[in-house]
Structure formats: structure tokens, C-alpha cells
Amino acid sequence: MNPPAAFSADPRQGDPAITDQLIAEHGLTPDEYQKVLGILGRPPTWTELGVFSVMWSEHCSYKTSRRFLKTLPTEGERVLQGPGENAGVVDVGDGLGVCFKMESHNHPSFIEPYQGAATGVGGILRDVFTMNARPIALLNSLRFGTPEHPRTSYLVDGVVDGIAGYGNCMGIPTVGGEIDFNRCYNGNILVNAMAVGIVPADRIFRGIAAGPGNPVLYVGSRTGRDGIHGATMASDSFEEGGEGRRPTVQVGDPYTEKRLLEACMELMQQDAVIAIQDMGAAGLTSSSVEMAGRGGTGLVLHVDRIPRREPGMTPYECLLSESQERMLIVAAAGREHIVEEVFTKWDLEAVVVGEVTDDGCWRILEDGQTVAAIPVLALTDEAPNYDRPREKPADLKQRQTTPELSAHGDCAAVLERLLGSPGIADKRWVYRQYDHMVRLGTLERPGDADAAVLRLPGSKRMLAVCVDGNSVHVKLDPFGGAQGIIAEACRNLACTGAQAIGATDCLNFGNPERPDVMWEFEQAVLGLGEGLRQAHVPIVSGNVSFYNETGEQSIHPTPTIGMVGLIEAGVSPLGMALPSAGSLVLLGSPRPVLGGSAYARVIHDSEQGMPPQVYWSEELALHQLLREAAQRGLLLAAHDLSEGGLATSLAEMLISSRGKASGCQIQVPCPPSAEAVELSLFGETHGCAWVAVEDERRAELLALCQEMQCRATALGSIGGEGLRILDAQGSVVLDRSAESLRKAFEGGFAESIGLSPCPPRV
Amino acid sequence: MRFGIVTFPGSNCDQDAHHVVSHVLGHEARFIWHKETDLEDVDCVILPGGFSYGDYLRCGAIARFSPIMDAVVRFANEGGYVIGICNGFQVLTETGLLPGVLLRNQGLKFICEDTRLVVANGHSPWTVLCPETLVAPIAHAEGCYFASPEVIGQLEEQGRVIFRYASSRGEELAESNPNGSINNIAGIINEAGNVLGMMPHPERNSETALGDASGAAIFRSIIHSFEARA
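Protein chains in written order, with the working numbering: chain A, 1 to 762; chain B, 1 to 230.
Derived by calculation from the structure, the hints in this document are not laboratory data.
Some clues are possibly wrong.
Listed next, the stretches of chain B that the computed footprint assigns to chain A, with coverage defined by at least 3 CB atoms under 8 Å from CB atoms of chain A [to be verified]: (1) 21-29; (2) 46-56; (3) 104-113; (4) 118-132; (5) 147-161; (6) 167-178.
Listed next, with one range per pair, are the computed distances between beta-carbon atoms [unchecked claim]: (7) B:ARG169 to A:GLU404: 38 to 48 Å; (8) A:GLU700 to B:SER168: 45 to 55 Å; (9) B:LEU57 to A:HIS408: 32 to 42 Å; (10) B:GLU150 to A:SER580: 43 to 53 Å.
Virtual Cβ for every residue (Gly too), placed ideally from N, Cα, C.
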């Protein structure tokens, strides 16, 4: 069969011949190449081969994950935009939507930490402001190898510097995040960035190329040769010595992005834009293909009109470049000049480079000659979709076997080691490098509460935002551990007084061609789905990063969740700092386990056993109670039990009070054996939180707990000197000065990684 | 009082400054685009924080050449009130309206944190209503104030150092200096007192909702001084 004439394309002079080797270098399997031949009815040009390579890469096509992602709950009353767009949007009332997404930039950040992390931030911001949402916050979730690994301090320093360099210049506050360390990340760090914006609910812009004849405009930075095949790189494992891939890493220019942001926001006030999409992974190719795909249209681009940084760039390079700070806009015909005027004001280029067509063909012309012509659907809906083999890991039973851990014997020493371990320790070294106050919206700053709390411009309500993940729990029990992440994220929001209303996910996994990795992936996605359904929280956006593997070493399955919640007007958001006096009440029923706990890892170097499970009715009762009590103004502080258990959480609250509380004392109803005490103090559990309440209102709180069916135990009081914990018999099992705990907590991060410490707080 | 807030393309604290002087303090405020050449009828110019032109070169070095700056210099030389906050301070030293220079922080890192200030001269138009100490949020990588010993001597002698980093009890300690500035200098004025440059961001602590409102005293002081002068 001859291909239709409209879909023919001519090789350019000087194009390399399409050989088996060239096909393999483009990451296409022989089967995938056969599919390309079937679609085109002819061999692809070199340009087309490059396009198929990126569009069918795991990173762009979700060819492995699609069938699983479909199982996640994506609908809800508040959802204004679910997955499939540049970012998701949920309704927060007052005519406003909150627009957010999280995305990974793992591979580039390992190769070049500063630029990799910086452009990760730049990319996720564009995803949000392309929807007409004004970004108001950034968060991130980071994973590094062991603190003592020779590259860790360099990577931590570079990644934090890169996030700071981009976010600070943009003037978007970085308000929260989480960091953990594990040897499984020695060869593959994770950098997941989340952006949150505010959009008028009736003016959400989408990337749907509609209206044949409408002009397509290229705006922003010029196209250079950086980042070519970034998406393909992100769809492959590292061999030893990934530094050789540095040219595939993009270079960020936050000043240009700041102008791009302001120009786009200004432009979207006017009626000139039909569709808009940022050029992220696979640059010009994916943005144009995806817009045409959503519109059910075609698109023609004159590649010779693309503004370039250097002469002599081929169509292949222009189409696959991942140069940053660029957008593609479909304007209403006759209104191109409005786009041009606004971008000129901001000293940015805006050039008409093509138009929307009605033939379903993605066509690239160079000086009038067709160098690529591919059916749009072949690059989107008809991309490969794999049902990869899955197999329960052979060592799963062993992973889940309860470890034999002997008691350490000195609870105070254990507590200080946990507080000083870099996953738990004070992250001030990190967040003081992030401008977390700009835009005057930050009500709860990093480290002060279980979630960041922000003012919502245009509303009296407030927004709480957090990111969470616990890859050790997921490694040990993918289905249960993933549910735990949802429970913790919702709980963190509830501890500030917020109701969770939407989530975004970033699924970081190893090589999906390994059946055990695929099994973990499936189980984890099912676990996330279960948790989200239980908590009634829809996923509205997300990202998958596979091939986080070096040599034979895959990372732990690391799904991370970004969640946003709403605090009602008039409620004072809760922080974790203990007040100077009052009672301590433990909410929920603790079921401490040591499997996968920080205690097991830090003290016993054990990563084994079943992690804590979520009991959803109790969990949700706790969240409701926290919100209700916050609304009634009953609580002075709240902090959930998570890594490090009951004692660690309480110590964090004491340290966080910065001297306001001189100390606190609790009595834990546990038998006197050293093992039982350490399990109670450091075992990890879901469904629990510490709260502080005025003595006079304690009875009121306990009555409310009874009414709302949330278990509550008054365990202690604020005051005295330092942290004192008694067992059921009244014997002191832990007694440490606040100063000593503070030192361990504040110094631990920089010290264990070998970074220069920050000076003490003023 | 009418405030004019200059917006360079990389300014990112212009909205914050506008919010405080207009919504919190109830005065008129308008944005002045960097390509404009006329300040029109403003009573106080705010050069806000941010990264004026990206600051890939020395901070503020390009802003100095922006079209609006000629008008700002004229306005300042005629006695008009000008406050440069953070990047705005850097722009003022680059234009020569204030002496000295802001170097990379001693610790080489960007620092975003609350610091404390003592008001070293409570008689300037910018400090007449200030309490003895203020909370002072900073957010900069280049805030280490440096000048020749002669200039420092002159500034000190003339009472032109008006803010210094201090402990919460108001002691000017080395530990309370976040960036290595000479003599813990956080803010200085010109000889006539009508131009202020400071690294901390008073607009970030001008509302109790954000935890502290002591920074508003600086804006209230200049409003008071303007009204007294008029």
C-alpha cells in the first residue's frame, strides 16, 4: 500500500542512513520500529526517527505505566482539571482554582546537580503558569545516597543551590519539602519538584490546538543545542560514568522565565490565546504534538522560522532540543499582534512558526520542503502500550520478616541519634537557602508545622501543602506502604487544620523491564489508589520516572505525593511548637512497629519487617477531629507521629518551641522491659498525633474526641526541664535537656553529610 | 502620600511592597515600569527586591542603566525620598546614590531568615517612629556591606548607619551578623538622609498575620516625615 501523498516526507541532504544501529541508539526496539514502518508506510526520515524516539520514550508516552495510572481516582466535586493537561486544578471556592503538579528531574540532577534541579523547578513552574495560574509556592521531595557516600555532599549542595537559584530568582517561595537518604540512591538521586498556583476558575487555559488556520507562535528563549534527547536519557538506566551525558542536561535561565511568566500572565488577560503549552521534555515536538492530539487537529511548523541560538541547526536538533523557558501558543487568527506586543514589552521573542490544520498530520517544513510528516495520533494515543511482566520479588518474604532487634538500652541516646540522623534532623541548612517568604503569603514556614500554610490571594481561606514519601515502607510492603503515604499526607494537612482536597504524584521506580520492579509498581499504584479512595482525595496530575537504576542497583520504589488542603476562614493554622504551658494529649491508637522504622535503620542498620499499616476509619476520624478541634480553637499545637515514633515527634515539638516551653513530661503505658519501651517510644505507627491543649480545655477536647470517635489519651504536661518520659510504673526511661536535644537536631544534617554548618539562629 | 514602586523585569518584591504601602498602610501606590523616564508626581520611590535584570552580572549593575534610573537619581538629588530594599539597595550603590558595595555573603550561600536589627540612628526620616529593635527578614546572597575604611568612618561619624544586625536583646554581636557586613551594617542613608538602602525586607514583616509587624515602622516613619515636611 502506498502512503497517502499528504504524509510523505523527504530525507534531507546529509541525514544519516537509517540503520539498525541508529534505530537502537534511538531507544526504539525492533518491534517498535516495525510499528513505525507500519504507520508511515515507508522508512522514517532521520528527523522522524528522532521524533518517534522521544515521543515513544517511556518519559513522554507512559507506555508502561498508562494502564496502571488509569486505576487511580481522578474525579471529585472539586476537580476542575484532571490528569492529561499541563497541570491539574481543584476548586477552592471564591471563584478560584488551585493548580498544581509534581514532576521528577532525577537523571539530569544526578549528572549535573545545579542545572538539573534548577531546570526541574523551571519546568514545573511552566506547567502551572501555562494554565493561567499564578505560581504561589514551590515544594520538593529529594532523595540522596548515604550521607557518607563520596558524592552525596556534592549532590546535596548542588541540588539545593539549583532549586534556590531558580525559585529565588523567580520570586516564588519554596515553602516545604522532604529529604531522605538511603544507599539505594547512591547511583540515582531523586529530585521531585512541585509547583502550586492560583487560577480564576473560569479562566483556565489548556493546551488544545483548535481552529484550523489559527497561527502557532513560538515565544520565549531561543532554541539551542542543549538537552537534545533528554527525554530519551530519562528513559534509560545509567551505566557507570553517567557524567558523559552532561550535554543532555538543560541549562536554566530563571530571569528569562520570570519575564516569560509575566508575559504569559499578561497575555492571558486578553482574548488572544486559544491554547498554550510549555516546551518541556521533548521540547517543540511534544508540545506541538500534544496540543494537536488534544484538539483532534493537525499542525504544520516551519522549522526554519524557529528562533535559534546558533546557525546550522538541523530540523532534528530544533525539534528535539530541550532548551528551557519556551512556550508554544495557538493564537486566534488575526490576534497574533497582541501576542507579539506583550512579548515585546517583556523583551522576549514571539514568532509565528506555523498553523493549526485539519488533516491530523504533524508536518514539519524546512524552507518549504517536508522533513517530517507523521499522523498526530501515531505519536499520542497509538504510542506503544505495554503490559510488562510482573512478578512478586523473590526476597519479599525475607523483606517482611520481623527482625530480631535487641534493645539499645539508652533511650535518650537513641533519641539523640534519631534526631541527628539526616532524614529527621532539622533541615534549616536547606530551607534557609530558599526564599520561603516572598509574596507575603507564608503563614507557616518550613519546619514550623506538618505542612506549609499559605494565604490564598483573593480568599479568606488558607491553603496547606505538603509532600510525602517513605520508600522503605513501600519497599517492604508496596501496597500497604503506598497507602501509608496517602495517610501521612492527609494527616500532615489535618495537623494544620486543613482538609485534603487534591493530590499529585511522582512515581520514581527502577527498571520496568524487571518483573519484580513492575510488581512493586503495580502494587504501589494500587495502594495509592486505595488510600486516595479511602480519603476521598483525587489525583489531578502527576509524573512517572522509571529506569532509576545504575548497573544492577534499582532504587527502592519511591512514590511521592504532593497534597493540597484547605483551611476555612477564621481558623488559626496550627504549628508544631509547644506553648509554654498546657497538657499533652495523644490522639489515635498507636500500633507501633519497628519494620522499616528510622529506629531500625539508624540504630540497628536493619531494613526489614512489615511497616505500619493504615486503619482507615481510625485514620480519618483522627483527621476530622484535628480539623474540628482546630476550628474550635481548642489546640495550641499539633504534630503527627511518623518517622522516629512517639518520642521523636514530641522532641521535635519541644525543640520547635525554641525555649517557649522549658520542657515536657509524659507517661507511656508500656511494660517495663527495655524492648517494650523502645518499641513504644520509637516504633512507627499511622493514625496518631500529639496535640497540646490548655489545661482548662483538656476536658473539652477529650469530650470532643469521644463524640467524634477518636481515641485520646492524656499522657502528660508541658513544663519542667527537658524531655522526661516515664513508663507505666512511673520509672524514668528517658530524661534529656531541651538544649541537648536541640543540639542533636540542629547540627545533625550538615554534620552527617559533611557540609559546613549554618550559624545558630538569632 | 504617593509611593512609586519601580518594576524592573526581574523585580519580584514589587507586588509585596505595593501591598504593604497601599493595602496595609492605606496610601496611594503605583508601579513604575523600568522603561518609563518620568516619575510623575510620586513622593517616595521604592526600589524593590528581586533580580532586576537577572543579576547574572554584579547585582544591580545593569539596572543602573535602565531608563527610569536617571529620573530616580534626579529625584533623589532634589531631596525626594528613595528606599532601596535588598536588590534595590544594590541598585542604589551601583548608581552611586549610596556609597560602598554589597559583596557575596561571607558563608557564600543565599540566606532567607529572620534577623534582628538595632536602630542605630533613630532620628533619620526613616526611623523616627521605629522602636529600638526590629525583626528583619532577609533573603539575599549578596548582602555583605563593604566600603573603604574612610567611607565607613564617614558613615559612622555622620550617623548614616541606621540599622545594624543584632541579637534579640539588641547586642551587636558577630554571631548576629548573617552575611559578614562591616560593623554589622544592614542599612545606610545618604548625607541628606532622604535615600535609604537596606538589605532586610521590612515589607515582609508589616502585618501581624505574618507573625510580626515591626517592619511597618519604617514605612510609617517615612510617611510621618513626609507629612511633617509638607
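Which of the numbered hints are not met once you compare them with the structure shown? 1, 4, 5, 7, 8, 9
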